[in-house]
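Respectively, the protein sequence lines represent chains A and B. If you number the first sequence the way our numbering does, the last residue is 273 and the count never jumps. If you number the second sequence the way our numbering does, the last residue is 244 and the count never jumps.
Simulated from the structure, these hints should not be mistaken for laboratory data. Wrong hints could be hidden among the right ones.
What the hints assert, rightly or not - Listed next, the stretches of chain B that the computed footprint assigns to chain A, with coverage defined by at least 3 CB atoms under 8 Å from CB atoms of chain A:
hint, region
1, 80-91
2, 171-179
What the hints assert, rightly or not - In silico SDA-like links for lysine to any residue, alpha-carbon gap of 20 Å or less:
hint, chain 1, residue 1, chain 2, residue 2
3, B, K23, B, G42
4, B, K23, B, Q216
5, B, K83, B, G42
6, B, K111, A, S180
7, B, K40, A, W102
8, B, K40, B, G24
9, B, K112, B, G130
10, B, K83, A, K264
11, A, K264, B, G24
12, B, K111, A, K264
13, B, K40, B, S15
14, B, K111, A, Q183
15, B, K23, A, G181
16, B, K83, A, L254
17, B, K112, A, K264
18, A, K264, A, Y248
19, A, K264, B, A137
20, B, K40, B, D136
21, B, K83, A, S180
22, B, K112, A, L254
23, B, K83, B, M4
24, B, K23, B, G67
Said to hold, decoys possible - Derived, one-sided and incomplete: chain A residues facing chain B with beta-carbon distance under 8 Å:
hint, residue
25, E76
26, T166
27, Q170
28, L177
29, G178
30, V191
31, P192
Beta carbons: idealized from backbone N, C-alpha and C, even for Gly.
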Amino acid sequence: MVYHFEFGALIPYIPVILHGVLITVELTLFGTVLGIIVSILCAWARSGGPLWLRVPVGTYVELIRNTPFIIQLFFIFFGLPSVGVHLNAIDASILAMVINLGAYGTEIVRAGITATPRGQREAGASLGLSGPQIFRHIVLVPALSRIWPALSGQVVIVMLGSAVCSQISVQELTYAASFIQSRSFRAFEAYFVVTALYLILALLLRQILRLGGKRIFPGGKAR
Amino acid sequence: MPLISLTNLHKSYGQNEVLKGISLDIEPGEVIALIGKSGSGKSTLLRCINGLESFQEGSILVAGTSVMDSPNQLRLLRQKIGMIFQQFNLFPHLTVGRNVMLAPTVVKKTRQGEAEALAREMLDRVGLEQKFDAYPGQLSGGQQQRVAIARALAMQPLALLCDEITSALDPELVNEVLAVVRDLARQGMTLVMVTHEMRFAREVCHRLVFMHQGRLHESGPPEQVFNAPTTAELQQFLGMQ
C-alpha cells in the first residue's frame, strides 16, 4: 500500500496552527522572561545571599531538576486545586515553565557569578560600594554575559518542553497537531508541519537570543 | 595628626603569621613606598588599610575612623581611600566613562551630568579624556591602569593605595603610569605604594619602608635607605635589585 501525501488537507486548519504558534510563543515569552528573573534572584541567594535563604533555594533547585516537567505541570494544574489554588491551563503552564527554567537557570547563572574574578568585587568594595551594589552593578552583567550561550540553550529547551502543556489542554502547537490529525486522519502531514514549525521557532529563538546578547552585553566577552 | 595610623598590627593565615606587629603613621601628603621581598607582607599590609584583609590584633585608624568598625563605617572609610590594583580590575561591561562614574553615582548619589563632568575631568588628568566611550578591552594595559587611577580619583580620596600597579605591564607601558603617579605626588596626594620600581621610589617618595618577614625592618628617607642601609637584610635586598 502506498500512502498519498496530501498537505492540502491541512489548509482548513491553518488558523488552528497559527493559534498554536501564538500560544507557544506566548508561553515561551512569559516563561523565559520570568524564569530568567527567578534564576537571577535564586542565583544571588545561593551564591551571596543570607544563609537562611540558601537552604530553601537549594531545595527548590534540586527538587525541580530531579523530577519530570510533566509531573510538575500536573501537580500545579491538577494537584493545587485540592488546596484551593485554581489556575487556568495557560497560567498553570507559564508557572510550571517559570519554576522549571528558574531551577536550571539558577545553576547556570550561579556558575557565571562564581567565575567572577575576585579583583572585580575588591575594586567595587574599595570604591565604597555595598555588597548588593557590587552584585547589581559589577558582578551581574559580566556573569550573565559569560553564561548567556548556556542560558539561551536552556530557554530553547523550555520552549520545546512547552509541547507537554498540550496535556492539560493548552491549545499550543502540539495540541494543534493532535487536534488536526484526529479530525483529518492526516497524522504524517500534521506532525510534519508542526515539527517544521518547532524547528523554525527554535532557530528563530536562538537567533533572537544571540542578537539580544550582543545588544545587552557590549564591550566584548567578560573575563 | 596622621592620616593613617597603624598600631601593633598582627595578621595570620591559620598558623602562618604574615604581619607581626606593625606600627606605622602616615601623614597627609606623604608619599611612602613599601619595599621588600615577595612574601614579606607588603601587599597584605596595604590591603589591611582599607579592610580588604581582616587582621587579628592591633588597630588601623584612617582619618580617625577605625577599619574594624561596622560595615557601614568601613564603606565610608573606603570612600576616603582609593585603591589601585596590579590587575587594573576595570569593569569590562562598562565604558571607560561609566567605570569612572559608577562609584560617584551609586555611592555618593552624584547626579548623572555632574558625575560625567567629574569623570571627564579625572580622565583628562590621566590623559585619557578621548577614551571616554571606549571599553576597557579596547585599551592597552597602561591605559587601563590610568583609567583605574582616574576611577579612584573620582571619589576624591584623601589617600591612594597602590598595589604593585606597574607589575602587570609591559616594560614600555610602565612609564606612562608612573608619570601619572608622579603628578599626583607633586599635587600633594597621600600615596602608599607597594612597588618594585626602586628608581621611581627613590625619586618620588618621602619615605621608604623596608619590610622583612612580616616586620617593619628599616625605614627612612630614600637617600638614607639607599646610601646607608643599616641592616644586613636591607643591604642584601638592595644588592639584589
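Structure-based check of all given hints:
1. 80-91: holds (count 7)
2. 171-179: violated (count 0)
3. B/K23 <-> B/G42: The hint holds at about 13 Å.
4. B/K23 <-> B/Q216: holds, 8 Å
5. B/K83 <-> B/G42: Since the Cα atoms of B/K83 and B/G42 sit roughly 28 Å apart, the hinted pair is violated (cutoff 20 Å).
6. B/K111 <-> A/S180: At roughly 12 Å apart (the allowed maximum being 20 Å), A/S180 and B/K111 satisfy the hint.
7. B/K40 <-> A/W102: This hinted pair is violated, its Cα atoms lying about 44 Å apart.
8. B/K40 <-> B/G24: holds, 18 Å
9. B/K112 <-> B/G130: violated, 26 Å
10. B/K83 <-> A/K264: violated, 37 Å
11. A/K264 <-> B/G24: Between A/K264 and B/G24 the Cα gap is close to 52 Å, so the pair fails against 20 Å, i.e. violated.
12. B/K111 <-> A/K264: At roughly 31 Å apart (the allowed maximum being 20 Å), A/K264 and B/K111 break the hint.
13. B/K40 <-> B/S15: holds, 18 Å
14. B/K111 <-> A/Q183: holds, 12 Å
15. B/K23 <-> A/G181: violated, 30 Å
16. B/K83 <-> A/L254: At roughly 51 Å apart (the allowed maximum being 20 Å), A/L254 and B/K83 break the hint.
17. B/K112 <-> A/K264: violated, 29 Å
18. A/K264 <-> A/Y248: Distance of about 24 Å is beyond 20 Å: violated.
19. A/K264 <-> B/A137: holds, 16 Å
20. B/K40 <-> B/D136: violated, 39 Å
21. B/K83 <-> A/S180: holds, 15 Å
22. B/K112 <-> A/L254: Violated: B/K112 and A/L254 sit about 41 Å apart, past 20 Å.
23. B/K83 <-> B/M4: holds, 16 Å
24. B/K23 <-> B/G67: violated, 23 Å
25. E76: At about 31 Å, which exceeds the 8 Å cut-off, the nearest Cβ of chain B leaves the hint on A/E76 violated.
26. T166: Given a least distance of 11 Å, the restraint on A/T166 is violated.
27. Q170: holds, 6 Å
28. L177: holds, 4 Å
29. G178: holds, 4 Å
30. V191: Cβ of A/V191 sits 4 Å from chain B, so the hint holds.
31. P192: holds, 5 Å
Violation of the numbered hints given earlier is confined to hints 2, 5, 7, 9, 10, 11, 12, 15, 16, 17, 18, 20, 22, 24, 25, 26; the remaining hints are satisfied by the structure.
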